[in-house]
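Visitor: Build the full structure now, drawing on both the sequences and the hints.
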Amino acid sequence: MMNPVRVVVWLVEGTWQGCLDAAAQSLPSGARVALLHVTPSDVTEVAEAASAGLLGRSFRGRQPTRQFQDVAEEAASELLAAAAARLGREDVELIHRQGRVEREVVRAVAEDVDLLVVARDGDHSRLGPRSLGLATRFVVDHAPCAVLLVWPDQPPGIESMPPLPH
Amino acid sequence: MPSPIAETLAGLLLIATLACAVVRPKGVPEALIAVPAAAVLLLLGVLPLGQAGAEAKSLAPTVGFLAAVLVLANMCDRYGLFEAAGSWMASGSRGRPVALLGLVFAVASTVTAVLSLDATVVLLTPVVFATVARLRIRAKPHVYACTHLANSASLLLPVSNLTNLLAFSASGLSFIRFGATMVLPWLAAIGVEWLVLRRFFAADLVGRGETAVGTPRRVPVFACVVVLLTLIGFFVTSLFHVAPAFAALGGALALAVPATASRRVAVSDVGLALEVPFLAFVLALGLIVKAVSIHGLGSLVTHLMPGGTSLGSLLLIAVVAAVLANLINNLPAVLLLLPAAAAVGAGPVLAVLIGVNTGPNLTYVGSLATLLWRRVLRQRGEELPIMEFMRLGAITVPPVLIAATVALWISLRFVG
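Protein chains in written order, with our numbering: chain A, 1 to 166; chain B, 167 to 582.
Honestly, the hints are just simulated from the structure, not real lab data.
Ideal Cβ placement from N, Cα and C applies to all residues, glycine included.
Fair warning: there could be bad hints in the mix.
As the list claims (entries may be wrong) - Computed Cβ-Cβ distance ranges for the label pairs, DEER-style: (1) Q98(A) to I561(B): 44 to 52 Å; (2) L198(B) to G128(A): 41 to 49 Å; (3) A265(B) to R66(A): 26 to 34 Å; (4) E78(A) to A409(B): 45 to 53 Å; (5) E78(A) to P202(B): 47 to 55 Å.
Stated by the list, open to error - Chain A side only, calculated, beta carbon under 8 Å to chain B, not exhaustive: (6) A50; (7) G53; (8) F68; (9) G128; (10) P129; (11) L134; (12) E159; (13) P162.
Guide: And the structure:
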């Protein structure tokens, strides 16, 4: 018997609902589904760098980094739980990672994953080479599996194509 | 002691002091190295007692002013001002990332200007992070905006940045005149930051977050009124030639006394909010920089400082100040440049401030300290930070510096 298809859906704030709905429509029957969220580590680092810039003025006991980690953990588990509920399936695996977002996504699909579902980000009003964010672009380039790129909202109409240059 | 040896010794102690303040081996307070370093320079006669006394006397009011501002900001946090601001931003944005970024810009710029950059970095940034998490909006643009504005939006008032407090006492400007001259550069800096960040993070400012964000926090009316009165106090004291530090002291007491009387805040917490080790560090750092300065470096800086307030001179001063702030750190940079700038006039002093305040968005603590800091991270086995914030710094700092300096040049024509 063939192993079931393994699908990972990468969820990011702002586009996760649309991404999940689009993924749900395209899931192969009997697929094993995992929902993935990555907390970017550079946000904590930039806050840490800024407070290092204050030299001694630490406002004793206020370590932004520590608070950031707690908040990020909680936010991630809530987002993944909300996503599982929206999908209406109980057999989904929830994966939370922390680090460089694009690299963690690629690592998460490095083994035994057949399909990665990714939402397009970027500005819909200016479609073009830069309409994918840096992290998304990296993932599309380096993921060692098939990547399904979905619109998190309404896809653009055919009229979005620019006229041919004269 | 021969001058070159004295200069080298003072320079080495300055570097050691800064390194310890950033790395804090075994969590030692920053003053633990700075104070003995200053004492060594005094004992060896590198810094004559008379000059040390004069420097300490000129720094003391600034240090007192800083202490009052630190307590004021800390008490605002205890009264829930920042939590309320988070709640206000959350409901105002209605889940739209760009609207939230606009509100973060408004709040971070105001908090930085009125309660100092420390308040933005330590007290507001975590609230912004919690707010974006609650709204399920991507954190990056908003957190970067806070850290950037803590520097760029600290141009407006003497209380906005410790560097401004130091310059304020050196420049002889009144509080009103300082604010009136810097309002245009402040707006220019914020405007450029908005244009660049909005574009840089365009891909992250997409989609829509949650709109139902729970019950809004109550606005601490008393704390808001006290902050407003303190702000008015800064200008009124300045009109009557009273040190504006007294307005800050009044504000700090107005919040701290009721809070401790009702046992909401322990008296020891108010004591901790004073950050005494940091105040000692600033005094000691002032003395060390003085020692570096009197053995030749100071006269070199004076010699190199362009005279006049032409746009070219102001730009040159701002760029040199920014480079120096990135090489060492903005505190010693401003201490080193101020005497020479103040001798020329208020314009050059304010140009120095534009450099030392907006420049740190490149490396935050100065490149020397950044190198050390990266070393510490590596030793702890943590991943090195990506250079994204330095890349963003490289894109924002030059236009912010130029726009703010041009605005200063225009301002000086009108306010004089």
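Visitor: So which hints don't hold here, by number, going up?
Guide: 1, 2, 9, 10, 12, 13
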